[in-house]
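Chains A and B supply the protein sequences, listed in that same order. When we follow UniProt numbering, the leftmost residue of the first sequence carries the number 1, and every step to the right adds one. When we follow UniProt numbering, the leftmost residue of the second sequence carries the number 1, and every step to the right adds one.
Calculated from the structure, these hints are not laboratory results. Think of the CB as a built atom: it goes at the ideal place given N, C-alpha and C, for glycine as much as any other residue. Be aware that one or more of the hints could be misleading.
Claimed, not checked - Distance windows between CB atoms, simulated:
hint : chain 1 : residue 1 : chain 2 : residue 2 : range
1    : B       : Gly247    : A       : Val253    : 22 to 32 angstroms
2    : A       : Gly204    : B       : Leu141    : 20 to 30 angstroms
3    : A       : Tyr192    : B       : Gly247    : 25 to 35 angstroms
4    : A       : Gly200    : B       : Glu207    : 14 to 24 angstroms
5    : A       : Gln23     : B       : Ser223    : 55 to 65 angstroms
6    : B       : Trp242    : A       : Thr349    : 18 to 28 angstroms
7    : B       : Trp242    : A       : Asn251    : 32 to 42 angstroms
8    : B       : Ser223    : A       : Asn251    : 23 to 33 angstroms
9    : A       : Gly204    : B       : Ser69     : 51 to 61 angstroms
10   : A       : Thr323    : B       : Ala58     : 36 to 46 angstroms
11   : B       : Ala58     : A       : Gly80     : 50 to 60 angstroms
12   : B       : Gly257    : A       : Ala14     : 27 to 37 angstroms
Said to hold, decoys possible - For the chain B half of the interface with chain A, some residues (derived, Cβ under 10 angstroms), not all of them:
hint : residue
13   : Ile49
14   : Ala167
15   : Ala202
16   : Pro206
17   : Glu207
18   : Ala214
19   : Gly233
20   : Ala241
Said to hold, decoys possible - Under 8 angstroms between C-beta atoms, here's a sample of chain B residues computed to sit facing chain A:
hint : residue
21   : Ala61
22   : Cys63
23   : Gly65
24   : Pro66
25   : Ala103
26   : Lys106
27   : Val108
28   : Gln112
29   : Leu141
30   : His159
31   : Leu248
32   : Ile256
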Amino acid sequence: MTTTATPTPVEKIAGGTADYLDQRTGIGTFVKTFARKIFPDHWSFLLGEIALFSFITILISGVFLTIFFVPSMTEVHYEGPWAAMNGVEMSEAFASTLRLSFEVRGGLLMRQIHHWAALIFMAAIVTHMMRVFFTGAFRKPREVNWVVGFLLLILGLAAGFSGYSLPDDVLSGNGLRITDGVVKAVPIIGSYTSYFIFGGEFPGQDLIPRLFTVHILLVPGIILALIGLHLFFVVLHKHTQYPGSGRSDKNVVGYPLFPIYVAKAGGYFFTVFGVIALMAATMSINPVWNYGPYDPSPISAGAQPDWYMLFLEGSLRLMPGFTEVVIGHYTLSLNVIIPAMVVPGILFTLLAAYPFIEAFATGDKREHHVLDRPRNRPFRTAFGVSILTAFFILVLAGSNDLIATHFHMSLNDITWAFRVLIFVGPWFAFWVTKRICLGLQRKDRELVLHGHETGRIVRFANGEYIEVHKPLDAHERWLRVQHDAIRPLEIEPAEDSRGVRRKGYRLDRMRQRLSQTFYEDRIEPVTPAELAASHSHGQHDAIAPAGEPAPAQLTGAVGGGQHLVDPQDETALDGRNR
Amino acid sequence: MKALAARRQDRRAPIVLLLLALLLTGGLYAVLAPTSADAAPVQASTNDIATGEKLFQANCASCHGPAASGTASGPSLIGVGAAAVDFQVGTGRMPMQMSGPQALPKPVQFDQEQINQLAAFVASLGAGPAIPTAEQVDPALGDVANGMLIFRTNCAMCHNAVGAGGALSQGKFAPNLWETTPTHLYEAMLTGPQSMPVFNDANITPEEKRDIIAFIDQQGGTSPGGLDLGALGPVSEGLWAWVVGMGLLIGAAVWIGAKSS
Ligand code: HEM
Numbered sequence: 001m002t003t004t005a006t007p008t009p010v011e012k013i014a015g016g017t018a019d020y021l022d023q024r025t026g027i028g029t030f031v032k033t034f035a036r037k038i039f040p041d042h043w044s045f046l047l048g049e050i051a052l053f054s055f056i057t058i059l060i061s062g063v064f065l066t067i068f069f070v071p072s073m074t075e076v077h078y079e080g081p082w083a084a085m086n087g088v089e090m091s092e093a094f095a096s097t098l099r100l101s102f103e104v105r106g107g108l109l110m111r112q113i114h115h116w117a118a119l120i121f122m123a124a125i126v127t128h129m130m131r132v133f134f135t136g137a138f139r140k141p142r143e144v145n146w147v148v149g150f151l152l153l154i155l156g157l158a159a160g161f162s163g164y165s166l167p168d169d170v171l172s173g174n175g176l177r178i179t180d181g182v183v184k185a186v187p188i189i190g191s192y193t194s195y196f197i198f199g200g201e202f203p204g205q206d207l208i209p210r211l212f213t214v215h216i217l218l219v220p221g222i223i224l225a226l227i228g229l230h231l232f233f234v235v236l237h238k239h240t241q242y243p244g245s246g247r248s249d250k251n252v253v254g255y256p257l258f259p260i261y262v263a264k265a266g267g268y269f270f271t272v273f274g275v276i277a278l279m280a281a282t283m284s285i286n287p288v289w290n291y292g293p294y295d296p297s298p299i300s301a302g303a304q305p306d307w308y309m310l311f312l313e314g315s316l317r318l319m320p321g322f323t324e325v326v327i328g329h330y331t332l333s334l335n336v337i338i339p340a341m342v343v344p345g346i347l348f349t350l351l352a353a354y355p356f357i358e359a360f361a362t363g364d365k366r367e368h369h370v371l372d373r374p375r376n377r378p379f380r381t382a383f384g385v386s387i388l389t390a391f392f393i394l395v396l397a398g399s400n401d402l403i404a405t406h407f408h409m410s411l412n413d414i415t416w417a418f419r420v421l422i423f424v425g426p427w428f429a430f431w432v433t434k435r436i437c438l439g440l441q442r443k444d445r446e447l448v449l450h451g452h453e454t455g456r457i458v459r460f461a462n463g464e465y466i467e468v469h470k471p472l473d474a475h476e477r478w479l480r481v482q483h484d485a486i487r488p489l490e491i492e493p494a495e496d497s498r499g500v501r502r503k504g505y506r507l508d509r510m511r512q513r514l515s516q517t518f519y520e521d522r523i524e525p526v527t528p529a530e531l532a533a534s535h536s537h538g539q540h541d542a543i544a545p546a547g548e549p550a551p552a553q554l555t556g557a558v559g560g561g562q563h564l565v566d567p568q569d570e571t572a573l574d575g576r577n578r
Numbered sequence: 001m002k003a004l005a006a007r008r009q010d011r012r013a014p015i016v017l018l019l020l021a022l023l024l025t026g027g028l029y030a031v032l033a034p035t036s037a038d039a040a041p042v043q044a045s046t047n048d049i050a051t052g053e054k055l056f057q058a059n060c061a062s063c064h065g066p067a068a069s070g071t072a073s074g075p076s077l078i079g080v081g082a083a084a085v086d087f088q089v090g091t092g093r094m095p096m097q098m099s100g101p102q103a104l105p106k107p108v109q110f111d112q113e114q115i116n117q118l119a120a121f122v123a124s125l126g127a128g129p130a131i132p133t134a135e136q137v138d139p140a141l142g143d144v145a146n147g148m149l150i151f152r153t154n155c156a157m158c159h160n161a162v163g164a165g166g167a168l169s170q171g172k173f174a175p176n177l178w179e180t181t182p183t184h185l186y187e188a189m190l191t192g193p194q195s196m197p198v199f200n201d202a203n204i205t206p207e208e209k210r211d212i213i214a215f216i217d218q219q220g221g222t223s224p225g226g227l228d229l230g231a232l233g234p235v236s237e238g239l240w241a242w243v244v245g246m247g248l249l250i251g252a253a254v255w256i257g258a259k260s261s
């Protein structure tokens with residue numbers, strides 16, 4: 001906007017309001033510091049924003065749905081435009097969902113926006129979590145924020161599941177039936193808990209109103225509060241950054257929040273909303289009119305939960321049924337307890353506790369603001385990939401019937417294959433990923449020491465051939481040598497100088513073992529000495545490219561490495577070879 | 001009442017009861033048994049039967065036996081009725097080509113006249129369900145909502161909620177029903193091909209069968225919410241959320257990220 005001597009009326013009002021607020025709240029200084037906050041730029045830092053923006057989309061569309069949805073299990077007879085339901089007895093919840101879909105203007109679009117946004121929300125949370133995990137953004141001081149994030153993940157699951165069950169259709173009712181079975185499988189308190197949840201024998205009359213409260217008040221309320229805390233922590237800790245020249249644990253390189261980042265984020269909100277709206281306008285989701293109102297007897301082929309719950313379905317499908325044991329008069333349903341409680345229990349505990357386990361194994365108390373390249377932490381990366389593999393196998397197992405029909409395979413064979421894979425797959429994925437990480441690190445070392453291959457072959461007068469290698473520029477080199485090599489922890493011996501057994505030795509020993517599992521196999525980054533050695537080695541047979549002066553002398557002072565100075569400029573010319 | 005109670009102690013009572021029960025089942029059977037081939041809409045002429053037999057000897061006898069009484073590689077067709085032949089040959093399942101978990105449909109090899117002749121021949125071997133009339137399968141005459149209710153208690157567990165198909169054990173599957181003609185729908189219920197149970201007229205009355213046909217006709221493959229994604233439920237929705245949704249959003253994120261550097 002051009003600066004004019006006389007402000008327009010709009011500007012006057014805006015200025016006036018801002019001034020009014022500032023004088024009363026001192027918000028000006030706050031906005032100023034906040035606006036100057038630096039935010040590093042990388043596409044993967046937008047993954048959290050997808051989660052945030054899809055959540056906002058969920059809130060907005062959800063408010064619309066609440067206006068028309070009737071959370072009641074009172075039986076009514078449907079009268080409306082959908083012929084296949086005419087006169088059919090159903091709960092008011094289902095009837096109002098049909099009304100929303102076919103009679104309320106824009107209702108179907110809103111329902112579809114809400115549901116697609118929920119799927120995207122969960123997908124974004126998971127990808128965001130993967131980014132945070134694989135880059136080590138959960139290290140000190142961000143472990144707490146990891147835990148907040150983890151709670152958000154669990155709450156996201158709760159939000160999704162409670163909402164999915166609200167329309168009271170057959171499909172989601174099947175899901176509730178499974179939930180009921182899982183609750184009842186809990187030893188001793190199971191059946192009481194089930195009666196408590198459903199207000200009597202399943203399905204009862206109370207569930208939908210209860211779920212409604214959980215879904216529109218309790219869970220979103222807590223999610224909102226936790227998102228606030230989460231973002232507060234992001235601002236407080238400042239955002240992490242990817243490694244690169246000029247970036248350290250003591251600075252943040254990026255753009256100020258205002259105007260650049262705000263503009264980008266604002267634009268991105270509309271992108272997220274736009275993509276969701278586009279999907280909702282063109283692709284059907286949860287067509288409850290296909291499934292019909294809930295009735296405990298029927299179940300249809302292809303009955304599965306939304307994708308984020310599918311791993312549980314898969315683990316139930318894989319579990320052989322004979323594992324139910326009867327002790328005296330009590331039934332211990334291991335066939336339900338293991339797949340529906342132990343498996344997710346292990347998965348979620350590992351996820352929640354990982355930052356603490358890793359810190360324990362590393363023995364590292366320093367703060368980290370520069371992210372790791374996944375290859376430089378082979379154990380962590382391999383561990384993450386193996387958890388994802390297990391998750392993915394369970395998701396596929398939950399879709400085994402669709403795999404059977406679409407690829408013309410036998411359902412039984414698929415199930416057996418997955419039963420084996422769920423044990424073998426994660427180990428195999430771990431091993432392969434770790435090998436790949438170590439290989440990439442070796443490649444990095446190789447590049448730093450010898451430079452890029454140029455494909456230029458030179459023949460000497462004496463007949464010898466050599467290939468010319470182009471050394472890395474300082475930025476490239478720094479990226480490959482900046483990280484610390486973490487070595488397994490050393491512990492004090494079991495007995496002190498007087499031969500007395502030391503207290504706490506066993507814990508230390510355990511810790512050392514863990515540390516060895518994490519860091520035994522490693523490739524250390526190139527040290528300045530190694531770099532210098534390799535250069536001097538390359539020096540004696542250096543040749544000058546035709547018509548150019550002799551290559552610049554390289555000294556040990558150039559380059560990176562944990563003990564090297566951060567490079568300021570580009571030094572090496574295209575001259576060195578070996 | 002007292003007299004009856006006293007007689008109950010009689011040693012002959014079980015025999016009387018048994019006789020009564022037999023009579024009742026027999027009577028019920030007579031009333032409810034599938035209509036015989038005589039009820040076929042087009043009265044089969046002896047000529048048709050003769051041509052049908054020739055076709056049968058040429059195409060089917062290798063498996064079903066020259067007298068259609070079955071061999072090691074095909075079941076007996078005596079009493080399966082015209083409906084079974086019309087369904088099996090009309091959907092291209094027969095003559096079977098490849099043995100597998102289940103005889104698969106393939107391009108139909110005979111025209112309707114030949115199918116009718118084959119059906120007439122098989123029907124002449126023993127009474128069995130007839131090909132339904134056009135009125136019996138007219139979707140316009142059925143009650144869609146009732147069809148929905150019957151379909152989901154009897155068929156959805158194998159064929160999916162709207163007939164998109166589903167998996168059975170050992171590589172068998174219940175196919176998608178959206179392209180199936182009303183007549184074949186009716187015949188499938190009546191004859192129960194392969195792993196599918198038979199739904200005779202006592203199980204699901206002819207009117208209810210028509211209601212089911214009306215339901216499939218009205219709802220199978222219709223999707224007011226946009227693309228139906230195969231009507232396969234949450235798995236395909238989840239897949240599309242990742243592929244299309246996350247695909248586009250991450251693409252946009254990379255694009256925004258690339259703009260800075
Ligand atoms: C409701 C779901 C969530 C929302 C809306 C959300 C939002 C965000 C946003 C906007 C950021 C800053 C940008 C970025 O780094 O992507 C962020 C950072 C972060 N999130 Fe989340 N997040 C959610 C769930 C999670 C989960 C499930 C975890 C892991 C368990 C997690 C852990 C973190 C951590 C550790 C950071 C700091 C990253 C850094 O500074 O590099 N968040 N979150």
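We went through each hint and held it up to the structure:
1. Checking the proposed 22 to 32 angstroms range against B/Gly247 and A/Val253 shows it holds: the Cβ atoms sit about 29 angstroms from each other.
2. Checked against the hint of 20 to 30 angstroms, the pair A/Gly204 and B/Leu141 fails, with Cβ atoms roughly 39 angstroms apart.
3. A hinted range of 25 to 35 angstroms for the beta carbons of A/Tyr192 and B/Gly247 is inconsistent with their spacing of about 46 angstroms.
4. A hinted range of 14 to 24 angstroms for the beta carbons of A/Gly200 and B/Glu207 is inconsistent with their spacing of about 38 angstroms.
5. Judged by the Cβ atoms, the range 55 to 65 angstroms given for A/Gln23 and B/Ser223 holds: they are separated by roughly 58 angstroms.
6. Remark: the range hint 18 to 28 angstroms for B/Trp242 to A/Thr349 is upheld by a beta-carbon distance near 26 angstroms.
7. The supplied range of 32 to 42 angstroms is met by B/Trp242 and A/Asn251, whose beta-carbon atoms lie about 36 angstroms from each other.
8. Distance hint check for B/Ser223 and A/Asn251: the Cβ-Cβ separation is about 54 angstroms, which falls outside the suggested range of 23 to 33 angstroms.
9. Checking the proposed 51 to 61 angstroms range against A/Gly204 and B/Ser69 shows it holds: the Cβ atoms sit about 57 angstroms from each other.
10. Distance hint check: the CB atoms of A/Thr323 and B/Ala58 are about 55 angstroms apart, inconsistent with the given range 36 to 46 angstroms.
11. For B/Ala58 and A/Gly80, the hinted distance range of 50 to 60 angstroms is satisfied, since their beta carbons lie about 55 angstroms from each other.
12. Take B/Gly257 and A/Ala14: their Cβ atoms lie about 32 angstroms apart, and the range 27 to 37 angstroms holds.
13. Among the interface hints, the one on B/Ile49 is violated; its C-beta lies about 38 angstroms from the nearest C-beta in chain A, farther than the 10 angstroms criterion.
14. The restraint placing B/Ala167 at the interface with chain A holds, with a minimum CB-CB distance near 4 angstroms, inside the 10 angstroms limit.
15. Here the hint on B/Ala202 is broken, as its CB sits about 20 angstroms from the closest CB of chain A, past 10 angstroms.
16. At about 20 angstroms, the closest approach between the beta carbon of B/Pro206 and any beta carbon in chain A exceeds 10 angstroms, and the interface hint on this residue is violated.
17. With 10 angstroms as the threshold, the beta carbon of B/Glu207 stays out of range of chain A, its nearest partner Cβ sitting at about 16 angstroms, so the hint is violated.
18. For B/Ala214, the interface hint holds, the least distance from its beta-carbon to any beta-carbon of chain A being 9 angstroms, beneath 10 angstroms.
19. Hint status for B/Gly233: holds, given a least beta-carbon distance of 5 angstroms to chain A, under 10 angstroms.
20. Here the hint on B/Ala241 is kept, as its CB sits about 4 angstroms from the closest CB of chain A, short of 10 angstroms.
21. This hint is violated: B/Ala61 has a C-beta 30 angstroms from the nearest C-beta of chain A, more than the 8 angstroms allowed.
22. Taking 8 angstroms as the C-beta contact cut-off toward chain A, the hint placing B/Cys63 at the interface is violated, the least distance being around 23 angstroms.
23. Annotation: interface hint on B/Gly65 violated; nearest CB of chain A at approximately 30 angstroms, more than 8 angstroms.
24. The beta carbon of B/Pro66 comes no nearer than 34 angstroms to any beta carbon in chain A, farther than 8 angstroms, and the hint placing it at the interface is violated.
25. With its C-beta approaching chain A no nearer than about 14 angstroms, B/Ala103 sits outside the 8 angstroms limit, and its interface hint is violated.
26. A distance limit of 8 angstroms between C-beta atoms decides the matter here; for B/Lys106 the minimum to chain A is near 14 angstroms, and the interface restraint is violated.
27. A distance limit of 8 angstroms between C-beta atoms decides the matter here; for B/Val108 the minimum to chain A is near 21 angstroms, and the interface restraint is violated.
28. Annotation: B/Gln112 was flagged as interfacial toward chain A, and the flag is violated, the nearest CB pair being 29 angstroms apart, outside 8 angstroms.
29. The interface hint given for B/Leu141 is broken, as the beta carbon of that residue sits about 14 angstroms from the closest beta carbon of chain A, more than 8 angstroms.
30. For B/His159, the interface hint holds, since its Cβ comes within 8 angstroms of a Cβ in chain A; the closest pair sits about 6 angstroms apart.
31. Contact between B/Leu248 and chain A, as hinted, is supported at the beta carbon level, the nearest pair being about 5 angstroms apart and thus within 8 angstroms.
32. Interface restraint check for B/Ile256: the shortest CB-CB distance to chain A comes to about 6 angstroms, inside 8 angstroms, so the restraint holds.
The structure shown violates the earlier hints numbered 2, 3, 4, 8, 10, 13, 15, 16, 17, 21, 22, 23, 24, 25, 26, 27, 28 and 29.
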